[in-house]
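In our numbering, each residue carries its 1-based index in the sequence shown increased by 741.
Note that these hints are calculated values from the structure, not bench results. Even for Gly, the Cβ is constructed at its ideal location relative to N, Cα and C. Warning: the hint list may mix true and false statements.
Computed spacing ranges between beta-carbons, pair by pair [claimed, not checked]:
1. S772 - S805: 17 to 25 angstroms
2. T884 - D775: 15 to 23 angstroms
3. L915 - T752: 14 to 22 angstroms
4. G751 - I848: 19 to 27 angstroms
5. A743 - T910: 37 to 45 angstroms
6. D913 - I742: 35 to 43 angstroms
7. S851 - R810: 26 to 34 angstroms
8. W761 - P781: 19 to 27 angstroms
9. S805 - A880: 36 to 44 angstroms
10. L915 - E768: 43 to 51 angstroms
11. A879 - A829: 26 to 34 angstroms
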Amino acid sequence: IALTYFEWAGTVRDDAVISWQIIDSAESANSFADKVAARPFRSFRGTSISGALAFGTELFDRTSFQGERSVIDISGDGPNNIGPPVTATRDAATAKGIVVNGLPILISPSPTFSHLDQYYAQCVIGGPGSFVLPIYAAAEFSTAIRRKLLLEVSGIQDEVRSIPIDAATPIDCLQGER
Numbered sequence: 742i743a744l745t746y747f748e749w750a751g752t753v754r755d756d757a758v759i760s761w762q763i764i765d766s767a768e769s770a771n772s773f774a775d776k777v778a779a780r781p782f783r784s785f786r787g788t789s790i791s792g793a794l795a796f797g798t799e800l801f802d803r804t805s806f807q808g809e810r811s812v813i814d815i816s817g818d819g820p821n822n823i824g825p826p827v828t829a830t831r832d833a834a835t836a837k838g839i840v841v842n843g844l845p846i847l848i849s850p851s852p853t854f855s856h857l858d859q860y861y862a863q864c865v866i867g868g869p870g871s872f873v874l875p876i877y878a879a880a881e882f883s884t885a886i887r888r889k890l891l892l893e894v895s896g897i898q899d900e901v902r903s904i905p906i907d908a909a910t911p912i913d914c915l916q917g918e919r
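Based on the provided sequences and hints, a complete structural model is requested.
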C-alpha cells in the first residue's frame, strides 16, 4: 500500500503535504501515522472540495507507484464553496479509475447546511465501492478513520455505504457555490 496525505481548505498548501510512502509493515504504518500526528493544527477559510480532488488526482498522475486501487478520501465540514463545481472534478477523478470516499464532519453542523452527509453521498463520492462515513462527534473520528482504512484496504463492501439524515431530499450540488 502506498499513502500520501494532504490538508486542504480553500487551497492545498505545499507545506501541508506528506509525500508518498510505502506501508508494508507495522513500523512503516506507525511512521506514517506519526508524521500525520505531528502536523500542527491549523484552520483556514473556504472549502474547495473540487480543489482537493484535483490535487489528489494530480498526485496519482505524478506517482510511480502502481496499485490495484486508487482512492481519495475527502474529510470536511462544509460544502464546496471555492473553485469549480465539485461534481465535475469528482467525475474527472472517477474517469481515471480513482474511487472517492467521504468523511463529512458533522460535529457542529451549520444551521444553513445541515445535510452535509447527504451532500457527500450525492455530490462528492464516486466510483465502485465508494462510501460516506459521517462523523457526528470528535470521539468518533479515530474509529471512523480505522473503519474507513479497513474497508478500503480489505476491499470488503460494508453494509452501510451512506447514512444520510434525510435520504428522500435531493441535494443541490451547487448550493455551497452560490
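Each hint, compared with the structure:
1. S772 - S805: 17 to 25 angstroms: Given a distance of about 20 angstroms, which is inside 17 to 25 angstroms, the answer is holds.
2. T884 - D775: 15 to 23 angstroms: About 20 angstroms separates the Cβ atoms of T884 and D775, which means 15 to 23 angstroms holds.
3. L915 - T752: 14 to 22 angstroms: holds (20 angstroms)
4. G751 - I848: 19 to 27 angstroms: Holds - the Cβ-Cβ distance for G751 and I848, about 20 angstroms, lies within 19 to 27 angstroms.
5. A743 - T910: 37 to 45 angstroms: holds (38 angstroms)
6. D913 - I742: 35 to 43 angstroms: holds (36 angstroms)
7. S851 - R810: 26 to 34 angstroms: holds (33 angstroms)
8. W761 - P781: 19 to 27 angstroms: Holds, at about 21 angstroms.
9. S805 - A880: 36 to 44 angstroms: Roughly 38 angstroms apart at Cβ, these two residues keep to the hinted range, so it holds.
10. L915 - E768: 43 to 51 angstroms: holds (45 angstroms)
11. A879 - A829: 26 to 34 angstroms: holds (32 angstroms)
The structure shown violates none of the earlier numbered hints.
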